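Asks: Take a look at the letters that make up each chain.
There are 2 protein chains.
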Amino acid sequence: MSQTNGTNSVNGATLPKPQYDPDFTSNVIKATGPKANPRVAQVVGSLIQHLHDFAREVDLTVDEWMMGVNMINRAGQMSNERRNEGQLLCDVIGLESLVDEITNKQLVGADYEATKTAILGPFFRHDTPPTKNDASIIKTMPQDGEVTYMHGIVRDAATNEPLNGITIDIWQCSTNGLYEQQDPDQAEFNLRGKLTTDENGYYGLYCLRPVPYPVPYDGPAGELLQLLDRHPYRPAHIHIIAGSDKYTPLTTQIFDKSSKYLEDDSVFAVKDDLVVDFVPVQGNEKASLELTLDIKLAKIA
Amino acid sequence: MSQTNGTNSVNGATLPKPQYDPDFTSNVIKATGPKANPRVAQVVGSLIQHLHDFAREVDLTVDEWMMGVNMINRAGQMSNERRNEGQLLCDVIGLESLVDEITNKQLVGADYEATKTAILGPFFRHDTPPTKNDASIIKTMPQDGEVTYMHGIVRDAATNEPLNGITIDIWQCSTNGLYEQQDPDQAEFNLRGKLTTDENGYYGLYCLRPVPYPVPYDGPAGELLQLLDRHPYRPAHIHIIAGSDKYTPLTTQIFDKSSKYLEDDSVFAVKDDLVVDFVPVQGNEKASLELTLDIKLAKIA
Numbered sequence: 001m002s003q004t005n006g007t008n009s010v011n012g013a014t015l016p017k018p019q020y021d022p023d024f025t026s027n028v029i030k031a032t033g034p035k036a037n038p039r040v041a042q043v044v045g046s047l048i049q050h051l052h053d054f055a056r057e058v059d060l061t062v063d064e065w066m067m068g069v070n071m072i073n074r075a076g077q078m079s080n081e082r083r084n085e086g087q088l089l090c091d092v093i094g095l096e097s098l099v100d101e102i103t104n105k106q107l108v109g110a111d112y113e114a115t116k117t118a119i120l121g122p123f124f125r126h127d128t129p130p131t132k133n134d135a136s137i138i139k140t141m142p143q144d145g146e147v148t149y150m151h152g153i154v155r156d157a158a159t160n161e162p163l164n165g166i167t168i169d170i171w172q173c174s175t176n177g178l179y180e181q182q183d184p185d186q187a188e189f190n191l192r193g194k195l196t197t198d199e200n201g202y203y204g205l206y207c208l209r210p211v212p213y214p215v216p217y218d219g220p221a222g223e224l225l226q227l228l229d230r231h232p233y234r235p236a237h238i239h240i241i242a243g244s245d246k247y248t249p250l251t252t253q254i255f256d257k258s259s260k261y262l263e264d265d266s267v268f269a270v271k272d273d274l275v276v277d278f279v280p281v282q283g284n285e286k287a288s289l290e291l292t293l294d295i296k297l298a299k300i301a
Numbered sequence: 001m002s003q004t005n006g007t008n009s010v011n012g013a014t015l016p017k018p019q020y021d022p023d024f025t026s027n028v029i030k031a032t033g034p035k036a037n038p039r040v041a042q043v044v045g046s047l048i049q050h051l052h053d054f055a056r057e058v059d060l061t062v063d064e065w066m067m068g069v070n071m072i073n074r075a076g077q078m079s080n081e082r083r084n085e086g087q088l089l090c091d092v093i094g095l096e097s098l099v100d101e102i103t104n105k106q107l108v109g110a111d112y113e114a115t116k117t118a119i120l121g122p123f124f125r126h127d128t129p130p131t132k133n134d135a136s137i138i139k140t141m142p143q144d145g146e147v148t149y150m151h152g153i154v155r156d157a158a159t160n161e162p163l164n165g166i167t168i169d170i171w172q173c174s175t176n177g178l179y180e181q182q183d184p185d186q187a188e189f190n191l192r193g194k195l196t197t198d199e200n201g202y203y204g205l206y207c208l209r210p211v212p213y214p215v216p217y218d219g220p221a222g223e224l225l226q227l228l229d230r231h232p233y234r235p236a237h238i239h240i241i242a243g244s245d246k247y248t249p250l251t252t253q254i255f256d257k258s259s260k261y262l263e264d265d266s267v268f269a270v271k272d273d274l275v276v277d278f279v280p281v282q283g284n285e286k287a288s289l290e291l292t293l294d295i296k297l298a299k300i301a
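As you go down the protein sequences, you meet chains A and B in turn.
Numbering-wise, the numbering used here puts 274 at position 274 of the first sequence, and it's gapless, one number per residue.
Numbering-wise, the numbering used here puts 167 at position 167 of the second sequence, and it's gapless, one number per residue.
Next comes chain A alone, as it looks inside the complex (with noise of 0.2 Å):
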């Protein structure tokens, strides 16, 4: 087996590590074309020298990237348009996580006070009809769940005047763990709902309280968890994005405070500001609890 430290060890005895042929990678990169578009040959060329570099690292073998490539194939026969197992390999080694910090960053500047961002995930649909201020999103009861009265005020980030007119998309799964496309027990578009904030800013739903689940555990992205000894769970969340014409559509989750997994999401997408608390509330008929979450929008530059 080879090593990190620059030598080979071969029964027993420590062999200089090879040498590659130094102008490989770069003939590679100079291969592009003129007509390239820049921005592609820039990410393409730097994607090219790091993949190289990976290699060269680990002395990868052909069985090895041949074992990679399989699992990439693998992930795209098993996509369709209810499963994107190429983002859920992306996702469970933290690559989606990153490119979301590195987007929101480069849009509304590092230290902005918006609110934080977090993974889309492969779940969201974009034809979620819309939903009324105050109703109820759970379409399909389930025995176990605890209703949740969620609402807040969407402001602008920068003069904390209330926004109307902002569209907010929410989901979250079941008490088992699925999504509605995911089970064909649960109604169309359960546990999805499209609201506006009115005139104050207001928005508010009826939902369950998230629970913990794992992330699909059947295909490579669930290969590559049990060949690093890790769990597939994310702990209990409630996505959102949040967004209008002027204001930069925001997607977000949050986290729920007294949840499983905070400190090791298969994921990677939980930071600490987007923890919540949900809390018993008294006096109304139709929730257990109440989850106050205000949101903080960027405008459009």
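There may be inaccurate statements among the hints.
[Unchecked claim] DSS-like cross-link-like pairs, simulated, lysine-lysine; straight-line CA separation at most 27 Å: (1) A:LYS30 - B:LYS257; (2) A:LYS286 - A:LYS105; (3) B:LYS30 - A:LYS105; (4) B:LYS260 - A:LYS30; (5) A:LYS299 - A:LYS260; (6) B:LYS260 - A:LYS260.
These are calculated hints, taken from the structure and not from any lab test.
What you are looking at is a predicted structure, and each value in this text was computed from that prediction instead of being measured.
Following the hints, complete the assembly by docking chain B onto the known chain A.
Replies: For chain B alone, kept in the frame of chain A given last:
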């Protein structure tokens, strides 16, 4: 558009490059559990580090990353037993050629005088039936085919002794640039042979002079080549695998010295030592060309 020199230019103003969470990547790598196989932990840990470094270096956005995910998913969806688009994506960025170099330097040592290797490519078939020496592997003769008598002696790279009983798989495409499994007009196993050297180390067969051809251009690998302003052509070549239970299997290709694309092979497989001469032959009524190709194999340690 972001720059790579540590600053971002927005509307002409130069902003400091955003600082990303310095602990994120090490936390992702540290999530690997204690029961993971050490080699898996090493390979995947290095891959995570390099992919994250790449994303930060180019300030990769969510949209750009998602384009990559879609490309990978489509590659898998297009792959089947006759086509490996995930492998082809790696090939056009030089990754298969690099892991081929790495693997062979690991196996036989950097300075060993065995015949040089080249990538397997996606068109090998394990089930090619045996061929007798001096038979033809042309089952479907194209009108513009030039028959070549290809032959040589296989030797031990250390002792120079001729080797009896070495299996030699040979495959090539027809003059239309298609391998038999890509082309319903070619007979099954057309232009594929599996020979065995005799007691003098001799092998010989009749095949076609190879032609340049484009790698499949209708999937993600073709898209990537177009995005990079690159052509899809490979120089004229013949694939070879030679080995036995005592000799490290050698996977290689030989390239016609007179072919186009020797300098800009779309999959970066050409090595100077593998460029050979097809010469006119007199007095052989079955062939107009001759290719002499001796092969040196390294003994399994």
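Asks: The structure should be examined with respect to each hint, and the outcome stated for every one.
Replies: Hints versus structure:
About 23 Å separates the Cα atoms of LYS30 of chain A and LYS257 of chain B, which keeps this hinted pair within 27 Å; it holds. Taking the CA atoms of LYS286 of chain A and LYS105 of chain A, the gap is near 39 Å; set against the 27 Å cutoff, the hint is violated. Distance hint between LYS30 of chain B and LYS105 of chain A is fulfilled; the C-alpha atoms sit about 25 Å from each other, no more than 27 Å. Taking the CA atoms of LYS260 of chain B and LYS30 of chain A, the gap is about 19 Å. The hint holds against a cut of 27 Å.
Restraint check for LYS299 of chain A and LYS260 of chain A: the C-alpha separation of about 35 Å exceeds 27 Å, so the hint is violated. Between the alpha carbons of LYS260 of chain B and LYS260 of chain A the distance comes to roughly 61 Å, so the proposed pair goes past 27 Å and is violated.
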